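S.K.: Once you have looked at the hints, place chain B on chain A.
Chains A and B supply the protein sequences, listed in that same order. When you line the first sequence up against our numbering, it's residues 1 to 499, in that order. When you line the second sequence up against our numbering, it's residues 1 to 170, in that order.
Derived coverage of chain B by chain A (criterion: at least 3 residues anywhere in the stretch with Cβ under 8 Å from a Cβ of chain A; other residues may be distant):
(1) 11–17
(2) 28–38
(3) 41–47
(4) 72–79
(5) 120–134
(6) 137–146
The hints are simulated quantities; they were obtained by calculation from the structure and are not laboratory data. Since the model is a prediction, treat every value here as computed from it, not as a measurement. Cβ atoms here follow ideal geometry from the backbone N, Cα and C, with glycine treated the same way.
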Amino acid sequence: MKKVLVANRGEIAVRVIRACREMGLSPVAVYSECDRDALHVRYADQALAIGPSPPRDSYLRIDRLLDAAKASGADAVHPGYGFLAENEAFAAAVQDAGLTFIGPSAAVIETMGSKTAARIAATQAGVPVVPGTAEPLDASVPEETIAALASSIGYPLLVKAVAGGGGKGMRTVTDPSELSSALRAARSEANAAFGDASVYLERRLTRPRHIEVQLLGDAYGTVVPFVERECSIQRRHQKVVEETPSLAVTPALREAMTAAAASVARAVGYTNAGTIEFLLDEDGRFYFLEMNTRLQVEHPITEMVSGVDLVRWQIRIARGDRLDLDPLALLRPKGHAIECRIYAEDPDNNFLPSPGRIRHLRAPAGPGMRDDSGAAAGLDVPIFYDPMISKLVAWAEDRPQAIARMRRALDEYLITGIRTTIPFFRWLLMQPAFESGAFDTTYLDRVLAARNGRPFVEPTPEIEDVAAIATAIMAATAGPSSTPSPSVWRGQARVEGLR
Amino acid sequence: MRYDVEVAGRTRHLAVTRTGDTFAVTLDGRPYHVDAALIDAQTLSLVVDTVSRQSYETTLITDPVTGQLTVTVAGVAVPVALNGQRRFGRRDEGGGTGAAPQRLAASMPGKVVRVLVKTGDVVHARQPLVVVEAMKMENEMRASRDGMVAEVHAREGHSVEAGALLLVIQ
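Next up, chain B with everything else stripped away, as it sits in the complex:
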């Protein structure tokens, strides 16, 4: 079977043929013999001839919120996409350059403690905009660019989910 796997921004082409417990894999034309043992639903122990029978423990997890697929190899988490399927994780500080508006979103669930600006305010890069409390710490969310506050969605005292839009800077 053929798969396209995107790793670190590069699409890799793979073909997999199974023979019992071993797999003949070609990765961008290079052949590998892979011995695979299923440890649990997400964990594979692989013995691969990358050099000479190298042993790797890998886990494959789908983030329940963002849908992002992540493979952990030797303790290194590598985001991947399979056959072009991936939903990107949401970030707290979008924008940053040019004229694109900054859409400030909550990066984690928490409570809005303070909203430091109002619609129409002129703000500067790095200026604190909203204070969100999560896990006992107050986190100042800052402007990533100079601009004007176009929309304020955050309300003091309200709880927000991860990804909730707090405000927009034009």
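Chain A with its partners taken away, still in its complex shape:
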């Protein structure tokens, strides 16, 4: 393996390119029309255009990605996460073209990619699953049949895309009257995101935690689990903060959950990096939720407490290396790590996407900080893709120190031109429930609803004074006119005289 095509964009493309560089492999980027000036293009050795900005015309085009691989001379393909990362046809096409797919086999992606087939696989491995429908419900299944199944499972329940992931194609139904609209929304979103409108139903546990186990498996049957990740801080089923280890997991529970995760992976012959997601109920019972047959967004926190470079191992496993990590050491966390997903969303306007041009960007640095970002000043955040612009990760010796470090970093993070979720995280990390760890997957939606849209960071009188002073000084130095128009702020030349 000498040259790796990274079939993705944004921060994860940058992350994979970094691993390639460190291993002496030549990284190849691909880009859609709106991504020509993106960071992953600038960091790569080669960069190939693959079509218009909508994902279905570029990052989801298997033919164009394979053409790009051939044209560049790449001998391996890394899918990142999202887009085609869990598409078995893509994995198979890469292999059929004589290239190495950096990920699991097409067959195992297909099995675990179907949420219903994965539930059967887990049951066969002796791991409990959340009660729900066993078979997928495709678009031809009449609504009355689904309504009958729903009442036998009981409300509240979740409608979930069989091909789902990342919270897409998922709706909560608390009352039978909402089933129809939830089905329509979930099917439509699932069809748009995954090209498959099939759904299934699953009981919604009342106050579960979302706990997941990262795994690596090599081609020789070795599977090693890592310390669990706590991902219960979710907004509308999307993880927004992750940490490891979890306050809710005792050493005995860790042993049981990691062993269960490894047995599911072994049962399906899993290779490369993958994650088993569990729900943990209030009584300490855990249930298999699903398996993600790819690298996770939140993989950096595992890297911080294990000292293991997961992307490097993905590449090593794909080229046939044996896992030689000490499995016992992997289950002893070194310190504590927290990740905040920084999104281009306006938290003070119901988290609506806030695309646009980034004017300033200064990422935090210093001890224990890691900023996995695909953003830079001068770049546009396009409307076509997921609005996540950065993953901010804090590591420290223990949880209170990691929280303190993250608060410090959020205060340092400067992004202007677009709205981001940074003010929301500054608020969240001050909440007593976050500090004590007394939260579950319903926590964030409940407290957000109760806040009723109040701004997350409200200016103090002092901040208001300084805002007024800054505005007046800019105006005083911006030009001769005493009533300047807003456009004067853009003129660097007019303010040169200031210092």
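M.R.: Below, chain B alone, put in the same frame as chain A:
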């Protein structure tokens, strides 16, 4: 020079006199000594005697779409207006109370996936009206009040710009 700056709904009166790199500022009659360093066209580092030589980093940005002026101080974004000049940002859900019509506008650029109502339909508060897809997520835009659909401008499959009128509820 004298300026009126509106911050958080309150108009503040300022006078600025420059001496070299320092500025004598009076804010609603209170004097401040301000040392200002220009970092780039929008960024000022200020050292102000609000308490005792406090240091602030401030940026001043005009939104290219709405014209809204925003000052960021210590990571807190504060919308301001200078000498009464401000264009308000557009909101997705206007109206909400009384008899004023709700003018539902797209809050971001995207594609209209579904229009769930037609002219003349009676709708209830919180009822989904239009589904707009942006950034891979489908967003249901809902009625903010009970009423009747008076106008439908959204068309399924069409792209919309931020601020585009989708429908009106009377």
